[in-house]
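Undergrad: Starting from the structure of chain A, add chain B where the hints point.
Protein sequences appear in the order of chains A and B. By the numbering used here, the letter at position 25 of the first sequence is numbered 25, and the numbering carries on one by one without gaps. By the numbering used here, the letter at position 106 of the second sequence is numbered 106, and the numbering carries on one by one without gaps.
These are calculated hints, taken from the structure and not from any lab test. Incorrect hints may have been included.
[Unchecked claim] Derived lysine to aspartate or glutamate pairs resembling EDC-like cross-links, with alpha carbons at most 16 Å apart: (1) A:LYS223 x B:GLU254; (2) B:LYS235 x B:ASP131; (3) B:LYS223 x A:GLU35; (4) A:LYS197 x A:ASP150; (5) A:LYS115 x A:ASP84; (6) A:LYS235 x A:ASP131; (7) B:LYS107 x B:GLU86; (8) A:LYS223 x B:ASP166; (9) B:LYS223 x A:GLU254; (10) A:LYS223 x B:GLU35; (11) A:LYS223 x B:GLU5; (12) A:LYS223 x B:ASP250; (13) B:LYS223 x A:ASP150; (14) B:LYS223 x A:ASP166; (15) B:LYS223 x A:ASP250.
2 protein chains.
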Amino acid sequence: MVSYEQRESAFLWILDQLQSGEVAVPLVARDFSAEDWAFVFEGIPSDLRMDLWDTLADERKAPILAAMRDDSRNQLLGRLPTEDIELLANTSSTEDLVEIIDVLPRKLAAGLIKKLSPQGRDVIGAALTYDEDQLGRYVNYDVYTVDRSDTIGDILDDLRAQELPDYTDSFLVVDESQHYLGQVDINQLLSADEDAKVIEIAEYVEQVLNADMDLLDASDAVKGSGRSMLPVINKDGRLLGRFSIKDALDVFQEYYDAQVSHMGKVSDEDLFAPVFTSARRRAVWLGINLLTAFAASAVIGVFDQVVAQVVALAVLMPIVASMGGITGSQTLTLTIRGLATGQLAQSNLRALGNKEVLVAFFNGVLWAIVVSVIASIWFDNPLLSIIIAFALVINMLVAAFAGIGIPVLLDRMGIDPALAGSVILTTVTDVVGFFVFLGAAALFLV
Amino acid sequence: MVSYEQRESAFLWILDQLQSGEVAVPLVARDFSAEDWAFVFEGIPSDLRMDLWDTLADERKAPILAAMRDDSRNQLLGRLPTEDIELLANTSSTEDLVEIIDVLPRKLAAGLIKKLSPQGRDVIGAALTYDEDQLGRYVNYDVYTVDRSDTIGDILDDLRAQELPDYTDSFLVVDESQHYLGQVDINQLLSADEDAKVIEIAEYVEQVLNADMDLLDASDAVKGSGRSMLPVINKDGRLLGRFSIKDALDVFQEYYDAQVSHMGKVSDEDLFAPVFTSARRRAVWLGINLLTAFAASAVIGVFDQVVAQVVALAVLMPIVASMGGITGSQTLTLTIRGLATGQLAQSNLRALGNKEVLVAFFNGVLWAIVVSVIASIWFDNPLLSIIIAFALVINMLVAAFAGIGIPVLLDRMGIDPALAGSVILTTVTDVVGFFVFLGAAALFLV
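Pulled out of the complex, with its shape left as it was, chain A reads as follows (with noise of 0.2 Å):
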């Protein structure tokens, strides 16, 4: 184990060598867990990434490629040859080999199985059949089972022999046919009678994990729980394994990553991707926002010709839209929030929407004085001041309620709002702040 310090200094010592062409690590870097070496690994430019994979053991390998972020384990996976690839199949944990197989093309995967135990083919098969966003597919096998007959004597005795996987605060009782019976804790165990089942002191936790449960409701209720981990069983009731509180932590930051990612317009991506790659990711999200811009100028072409007799409007109509735009985020970043948590529901949505509605009004208004009294002093016409007043107050009033409504939607039609949420909702301010300021000044203006 390194500290923080220790892991950073080793980083940059290891990245400063490769890039002045040598290949050498330091000494802390044997203590270095899978998750250090995954974090060394993203911060190293990607054509350098090879030369220090090769000084890695064998052994080691598959650990360091699970504890990666999705597209930094693509990247690196698509580099190896594919022996190197299926000589994973001898040395990693089924949890790895999951995460591995997810991002390898369909026919490496299937190499890969092929090289795998009938017992481990089979695991991996179920832990496949649940989807990615499913809990099965995420199941820590790493698990201390005890058996229903076993007596509290047995148990102790098994204890001092070996070192309990990490976040285990009980122990798991299961029958002949793994179904799952209940747990023991471990300071249960030490007050019990040496001789006496472990059936007799198990207790049934009620929270156990289905497997085919929302991979975040399940990282919810480990968090909630204040236990390190809680079981997890399948349809039948049989014990698949377990989730612990830092499964959870994976799960959850994985999330915000994404979701960052997301408001950011940027997939979630590897620090050095190859140029391509990401220019191919990046390039979807830029064609969304041109037709979403064009959508703008579109607006703007119909009223040309009044633009062309008071260009004062052209110098002041990218304000009606930008505040739009920003009201209109405030209140959908927090309706995503709490469209995620859960804590939006039919009932409440009204009280927020006449909350946000009043928000908007009153910094509608603030911020319509002020651009007006500016906007008259730059350009002495009274009028201008009142039509942009206007439609500065329009545009963050339909903007609140966009910043609800949109999300609303997309969520009833099973879309999740934080991915297109806001480009919708950009698309919707600069439209209606366009039309209604050059609108407008259309009617009363010219």
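TA: Chain B in isolation, oriented as in the chain A frame:
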């Protein structure tokens, strides 16, 4: 402990009751954790929260307050009479009190502290000497310590008699003046001689956290350690408490929530914050945005005669600005993440810069071709098409540079790039976009 689904449906039921004027709580709520209650309170319109609050037993109140988002806690505390706040002194754990005192006005905080025992006052006082981003303020005091002279047998007896705090995977060994000496895991205890002193088998774990450490670094350290908790010591080597994997999870969630909120140009606020509080906070973001919008307007104002002559410029100019904005925010998002994780350093900045500029160049050329084809069909003005293509490429290249340069500069100045980065970036891409497009038009088109 209630399941995720039970909590959700209990929440909806309570919400409906409150909204129809009833105060009633389903039976399942008896098993609610503090976090479940916090979830419920945050989802209830704020004027109805006090009705529910009054139904809670006094000893439940402080943990629920502590589990809430800062802003929600703030709102609720603002509604409580002073006596109720001072009552919290008797019913709160130290961690909960720190969270509560953090958001209280100074006078109320002082009143609350005065009601504490001298010992409690000392601990709280020590916690408050640390900054809001330092670990020392958020130490978890619910820790199982053993004295260096205790025998293994003593400890085992003790374990039989009492429940362990959540997330306890080791017992921390201290001397008579509370200096941290090492720790033992539970199965080390089991296999040791009962008459041996604990200090003989204790291991000094290197990854001890210092109370003056950055809170996010500490959370990273716990996450990477594979342990459920790490000890926290002060400058003198005295054990203050511990920091658990659950504490780390809470820190990450708060951090990401704040980041997502800032990207949406809103503070991390209560879903039902009072209208004026919310309006005031959002006005700040809107005001800053207005400044940048006026900067863009000023640039357009410089070229107003050109725009008056060729009104197609007014129609197309938002496209140049917005494509630059998206390109820049893509690079910005990646750079901010790299700076935050520590994976972006002086020595790999150039590699990132090369890649980002190339990505921007390829996308710039691609979308410049698309836009100029559409523009030439629309306006039948070949020179205009060339000018917009040129402006797009330039603005997208500038955006890539700015997307790296701005956060790196802010970071060196000690300003959080997640907070100010996108506003500055948008100003740059708007100003440069309008200037290059309209400036080139002024030179070549009229």
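Undergrad: Which of the listed hints are broken here?
TA: Of the numbered hints given earlier, the structure breaks just one, which is hint 13.
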